[in-house]
Amino acid sequence: DTGVSQDPRHKITKRGQNVTFRCDPISEHNRLYWYRQTLGQGPEFLTYFQNEAQLEKSRLLSDRFSAERPKGSFSTLEIQRTEQGDSAMYLCASSLPLAAQETQYFGPGTRLLVL
Amino acid sequence: AQSVTQPDIHITVSEGASLELRCNYSYGATPYLFWYVQSPGQGLQLLLKYFSGDTLVQGIKGFEAEFKRSQSSFNLRKPSVHWSDAAEYFCAVGPPGDSNYQLIWGAGTKLIIKP
Numbered sequence: 001d002t003g004v005s006q007d008p009r010h011k012i013t014k015r016g017q018n019v020t021f022r023c024d025p026i027s028e029h030n031r032l033y034w035y036r037q038t039l040g041q042g043p044e045f046l047t048y049f050q051n052e053a054q055l056e057k058s059r060l061l062s063d064r065f066s067a068e069r070p071k072g073s074f075s076t077l078e079i080q081r082t083e084q085g086d087s088a089m090y091l092c093a094s095s096l097p098l099a100a101q102e103t104q105y106f107g108p109g110t111r112l113l114v115l
Numbered sequence: 001a002q003s004v005t006q007p008d009i010h011i012t013v014s015e016g017a018s019l020e021l022r023c024n025y026s027y028g029a030t031p032y033l034f035w036y037v038q039s040p041g042q043g044l045q046l047l048l049k050y051f052s053g054d055t056l057v058q059g060i061k062g063f064e065a066e067f068k069r070s071q072s073s074f075n076l077r078k079p080s081v082h083w084s085d086a087a088e089y090f091c092a093v094g095p096p097g098d099s100n101y102q103l104i105w106g107a108g109t110k111l112i113i114k115p
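These protein sequence lines map, in sequence, to chains A and B. Residue numbers for the first sequence follow my numbering, beginning at 1 and rising by one. Residue numbers for the second sequence follow my numbering, beginning at 1 and rising by one.
Calculated directly from the structure, the hints in this document are not laboratory data. Just so you know, not all the hints are guaranteed correct.
For lysine-lysine, the following DSS-like pairs were computed, each having C-alpha atoms within a straight-line distance of at most 27 Å [what the hints assert, rightly or not]:
id, chain 1, residue 1, chain 2, residue 2
1, A, LYS57, A, LYS11
2, A, LYS11, B, LYS110
3, B, LYS49, B, LYS68
4, A, LYS57, B, LYS110
5, A, LYS71, A, LYS57
6, B, LYS110, B, LYS68
Which bits of chain A does chain B cover? Going by a derived footprint, with three or more residues having C-beta under 8 Å, they are [as the list claims (entries may be wrong)]:
id, region
7, 24-30
8, 41-48
Predicted model only: the values in this text are computed from it and were never measured. Ideal Cβ positions, reconstructed from N, Cα and C, are used throughout, including at glycine.
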């Protein structure tokens with residue numbers, strides 16, 4: 001068990017560019033979550049998948065944000081036409097729901113800076 | 001409105017001293033309650049959680065938390081802190097059941113340890 005991994009760990013981009021982040025969950029976990037965290041705040045939920053199905057996406061911040069999990073394993077989060085306000089830490093978490101005992105395991109995050 | 005309040009943005013304690021981090025919530029029903037810790041460069045890690053039953057919950061790394069329904073609180077405690085406990089601590093609440101994506105997070109408390 002290598003935990004949840006995210007790549008890259010840091011990304012600097014210019015306003016207007018597209019960026020894509022990858023998350024590899026713990027191998028047997030069928031749920032995968034994406035969050036955004038800004039300085040001094042807790043995580044803000046964006047979207048989640050169960051296997052390859054995206055079950056909740058209404059809280060993606062705008063239509064510039066999209067996520068995929070095509071084979072039910074790794075996931076990508078893409079931000080198109082980045083804006084300075086997108087600068088934040090993007091967190092991924094995975095879980096294996098077992099009745100009410102679901103625990104999310106978080107990756108280290110990808111820190112995005114938009115110049 | 002549903003909310004989680006962590007009244008202390010920063011707390012400084014001496015190594016070996018006791019610790020209490022406060023968490024108050026506003027929620028329509030008795031929620032599930034969580035404490036997470038975030039160390040620099042690392043992912044959020046679950047310290048403990050309360051679903052039901054005994055209101056004093058034991059977690060990892062020597063932490064415990066007590067759910068007080070009458071005060072809508074779920075304060076985190078540790079009898080003797082170690083320098084390695086320096087981190088940011090987040091309280092989160094969510095609806096009973098299988099709905100991790102609906103967690104409401106506090107803004108976090110940064111713990112600073114004095115040698």
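Q. Are at least 3 residues of the region 24-30 of chain A within less than 8 Å of chain B when you compare beta carbons?
A. Check failed, 0 qualifying residues.
Q. Given the proposed pairing of B/LYS49 with B/LYS68, does the C-alpha separation stay at or below 27 Å?
A. Distance ~14 Å between B/LYS49 and B/LYS68 Cα, so the pair holds.
**Q.** Given pair status - A/LYS11, A/LYS57, alpha carbons within 27 Å
**A.** 24 Å, holds
Q. Does the alpha-carbon distance linking B/LYS110 and B/LYS68 stay inside the 27 Å limit?
A. 23 Å, holds
Q) CA of A/LYS11 to CA of B/LYS110, is that 27 Å or under? A) 25 Å, holds
**Q.** Given coverage of the region 41-48 of chain A by chain B, tested with a Cβ cutoff of 8 Å and a minimum of 3 residues
**A.** With 6 residues close enough to chain B, the hint holds.
Q.
Just to be careful, I want the Cα atoms of A/LYS71 and A/LYS57 compared with a cutoff of 27 Å; is the pair within it?
A. 18 Å, holds
Q.
Can you confirm whether the C-alpha distance between A/LYS57 and B/LYS110 stays at or below 27 Å?
A. 31 Å, violated
In this structure, the earlier hints numbered 4 and 7 are contradicted, and the remaining ones agree with it.
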